[in-house]
Amino acid sequence: MKNRQATRLLFELSKPGSAEDILPDCDVPEEPAESLLPGELLADQPPPLPEVSEPQVVRHYVNLSQWNMSVDTHFYPLGSCTMKYNPKRNDRAANLPGFVNLHPYQPEATLQGLLECLYRLEQMLAEIAGMDAVTLQPAAGAQGELTALLIAAAYYRDRGEKRTQVLIPDAAHGTNPASAAMAGFHAVEVRSDHRGMVDLEDLTAKLDSRTAVFMITNPNTLGLFDVNIRRVADLVHAAGGLVYLDGANMNAVLGIVRPGDCGADMMHFNPHKTFSGPHGGGGPGAGPVAVNQHLADFLPVPRIISAPGGFRLDSDRPKSIGRVRSFCGNIGVLLRAYAYLRTQGAEGLRQVSERAVLNANYLLQRVRHIIPVPHGVRCMHEFVASALKLKASRNLSAMDLAKRLLDYGFHAPTVYFPLIVREALMVEPTESETKETLDAFAEVLFRITEEPEELLHEAPHTTPISRPDEVRAARNPILKWTPQADSV
Amino acid sequence: MAYLPQSDDDIRQMLEVIGVSSVDGLFDHIPQEIRLRGPLKLPAALSEAALQQHMEALAACNSGTDRTISFLGAGCYDHFIPAVVDFIASRSEFYTSYTPYQPEVSQGNLQALFEYQTLITQLFGMDAANAGMYDGATAAAEAVLMAIAAQNGKRKVLVPESLHPEYRQVLRTYTANVDVSITVLPTPGGRVDAAAIAKQLDSKTACVVIQQPNFFGCVEPIHDVIQAAHAAGALVVAVVDPISMGLLKRPGDLGADLVAAEGQPLGIPQQWGGPFLGILACREQVLRRMPGRLAGQTTDRQGRRCWVLTLQTREQHIRREKATSNICTNQHLMAIRAAVYLALLGPHGLRKAAILCLNKAHYAARVFTRDSGLLPAFEGPFFKEFVLKAESPAEVARIQERAFEAGFFAGVPLGTWYPDLQDAILFAVTERRTREEIDALSQCLACARRSSTAAERLVR
Chain A
1 MKNRQATRLL FELSKPGSAE DILPDCDVPE EPAESLLPGE LLADQPPPLP EVSEPQVVRH
61 YVNLSQWNMS VDTHFYPLGS CTMKYNPKRN DRAANLPGFV NLHPYQPEAT LQGLLECLYR
121 LEQMLAEIAG MDAVTLQPAA GAQGELTALL IAAAYYRDRG EKRTQVLIPD AAHGTNPASA
181 AMAGFHAVEV RSDHRGMVDL EDLTAKLDSR TAVFMITNPN TLGLFDVNIR RVADLVHAAG
241 GLVYLDGANM NAVLGIVRPG DCGADMMHFN PHKTFSGPHG GGGPGAGPVA VNQHLADFLP
301 VPRIISAPGG FRLDSDRPKS IGRVRSFCGN IGVLLRAYAY LRTQGAEGLR QVSERAVLNA
361 NYLLQRVRHI IPVPHGVRCM HEFVASALKL KASRNLSAMD LAKRLLDYGF HAPTVYFPLI
421 VREALMVEPT ESETKETLDA FAEVLFRITE EPEELLHEAP HTTPISRPDE VRAARNPILK
481 WTPQADSV
Chain B
1 MAYLPQSDDD IRQMLEVIGV SSVDGLFDHI PQEIRLRGPL KLPAALSEAA LQQHMEALAA
61 CNSGTDRTIS FLGAGCYDHF IPAVVDFIAS RSEFYTSYTP YQPEVSQGNL QALFEYQTLI
121 TQLFGMDAAN AGMYDGATAA AEAVLMAIAA QNGKRKVLVP ESLHPEYRQV LRTYTANVDV
181 SITVLPTPGG RVDAAAIAKQ LDSKTACVVI QQPNFFGCVE PIHDVIQAAH AAGALVVAVV
241 DPISMGLLKR PGDLGADLVA AEGQPLGIPQ QWGGPFLGIL ACREQVLRRM PGRLAGQTTD
301 RQGRRCWVLT LQTREQHIRR EKATSNICTN QHLMAIRAAV YLALLGPHGL RKAAILCLNK
361 AHYAARVFTR DSGLLPAFEG PFFKEFVLKA ESPAEVARIQ ERAFEAGFFA GVPLGTWYPD
421 LQDAILFAVT ERRTREEIDA LSQCLACARR SSTAAERLVR
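Chains as they are written, first to last, in this note's numbering: chain A, 1 to 488; chain B, 1 to 460.
Derived by calculation from the structure, the hints in this document are not laboratory data.
A couple of the hints might just be wrong.
Here are the simulated BS3-like cross-link-like pairs (lysine-lysine), alpha carbons at most 27 Å apart as the crow flies [stated by the list, open to error]: (1) B/Lys156 with A/Lys319; (2) B/Lys322 with B/Lys154; (3) B/Lys154 with A/Lys162; (4) A/Lys88 with B/Lys41.
Could you build the full structure based on these sequences and the hints that come with them?
Here is the structure:
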């Protein structure tokens, strides 16, 4: 089945003169480029791109697509990434010509349908967050974090306070400290206690007049709901700081808990996860940010407002942090989120979280006798198992298990994250998987732990390639094809 | 419609295994005082059929470039998108997959990225390209941050007014709380004055940003800028229209150190400004400061060529606060679109696209000025966009209105960003515009002007 010929690199498939002539001929009087542009800026020849015919391009990419695991083809329990089913109706809605062909600078009067949609999306997200105002502009969760931290910086500048630190639990995603650094803050790590919750003593010790923001992911990256969240928020507020909720794990608590009701001042959503926008192989996503009233003036411009004559874009916000990207956001992703929310309603959304938590807890019970789950017998939408014992008893690492799962047609869980669990396997089944799939996964996992060590060290065996040499890739980076590099 | 496959019987069995009596019991540990009482206040759920109807009704309230002939550009263009691009991007093996954390089952995505990176280096003549950023504006901002990081202790950035105003705004936002000083250089003639830049360059200057062709569509004297910058020890960040590479010398061949570009013209729909594709490419010397993902070639255990994500020690999931950026995605599907587009067009197709844009834009500029008497705002050479001046901001508004009534988006008024250009309009002409459309708009502009001059005379 593997077509090795069509999946040679585009550059190896290239043959001069084979590309199609797709564009129309010129219907205006033509003038030589030399008479219209300065000669010293004109290239002698076009860039050395490959020349490939249309049928070859199609066969090449269709074959490449089949060398991927995806939600539509496989169970994809990649912890922290919420790889749920992506409803096709949302794609169809977002791809309507009346949405796809809109230019960012066309008059507002010609955009009323889109603006209404985005305005309502903001309102729905504010309700789910339990907060007052939303910006849809950030292009990804990480950019949402950055946006919120820039809002915090602007807020303190406005109040004449100099606060320089962002406190972040040790279990947090790497984007949290990286966003803090980009926003000009120092990241300070706060320990987790033995239950996986924020260590209140350590938090108290680190909170002071330098604290700008405490970033918390709740449920956290261990898949646990930090039951002290209200107390944590009170402590941070008492120190004059703001609480930021990383919404990465909102799939566990939709309609059950609202971050705003827990004391969070701002948060971001990941619509490509929680609201089923497809992941696109690694993007595009989106990172809408919700804030409470006292921070609303600082949101990026433009804001979408509802005025008597219709919806408008308002850029006249003197306290705004400005723009975080060009134009107004990843509209295609946001429209899918809107469509998802409209087809769920309040009851549907709550069910999403209930079933996500049900599936995760069921799988946890099925798995924990095979691979221990150090932080308890219950979880929210995901759990973190540890292969530490298997490592000691049979020299099997989390990576070995992950690789062998691929042979059985399951995408691997997230491995070696969060950093506070050794030999971590982070499993997030999502609500859209059947009990049968979860059973099959657990059975395969059990079977794998009984298999000979060598078989696992060498896994995977049935995929298009075996384990790649990552050290070699980093030591001698080859980041592009060159004519002289021989194909191996 | 929650897409839930579990039957009541499944749920009962699952709860039994878990050892709780109801699904609600799974949330027992969450303190009551923070639990939501009552349902979320959201609109009632729609069926699939009702959703489609609702979305179609909303879409019908918009009038996009499929219904109105567009001369809008300014960073987002109505270029032709071949059917193959849409087809490949709709393969759900691509669009429902995620980051290639497991390379053995992600070779399709990884190879596609490696090819994308190669195509981008070929397009711009650079040593290396990453797997993509959010958009052109954030790619430019991150390129500046890279340049600053590479230029020990230098914190000054020179930015001409001819750089897209939104790119300048994003750069300002990104650097608001870090020690960077941005000097904006006026470009009254529509292009940078290399001599004026040379005067501003000093030992503290980390980099100069230059857009080619610039926001006004004018072709910048990029040679002179690069020469002046390098003479002062500053790096150059070139912000480049990828379509222009069909004709213009590549920034890498001219000596640019970093290239940031908006990839939207390469087969990505306009969709009101996103999702787009931030292209970022650099020279070898600054590679280790590159933000974002990189696909690299290696071999598997059988010695077969394959691809992985590499140089990850730059990234946030490893380096946390010391990472080169916080970015952890790459607009992957948009990068695939761009790669498919470039592969389909090839060098000659890209050249043809560029020549069509060049000729049609010049034809449009000629007939617009001839028929309507609007005057070019700037004298310099241009590529696919140009600026014309009306009598007054009021006339700009009238022209826009009349043209829209006749079925045209007649360019982007520049007054929003440039107080000196309140009376100016930026027109973009891509290969999609036909002679007939250009002639028709020209007549419409002439008409709008005649009536507006008449109206103004009456008022006087």
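Compare the structure with the hints numbered earlier in the document and write down the numbers of the violated ones, lowest to highest. Going through the list in order, the structure violates no hint and respects every one.
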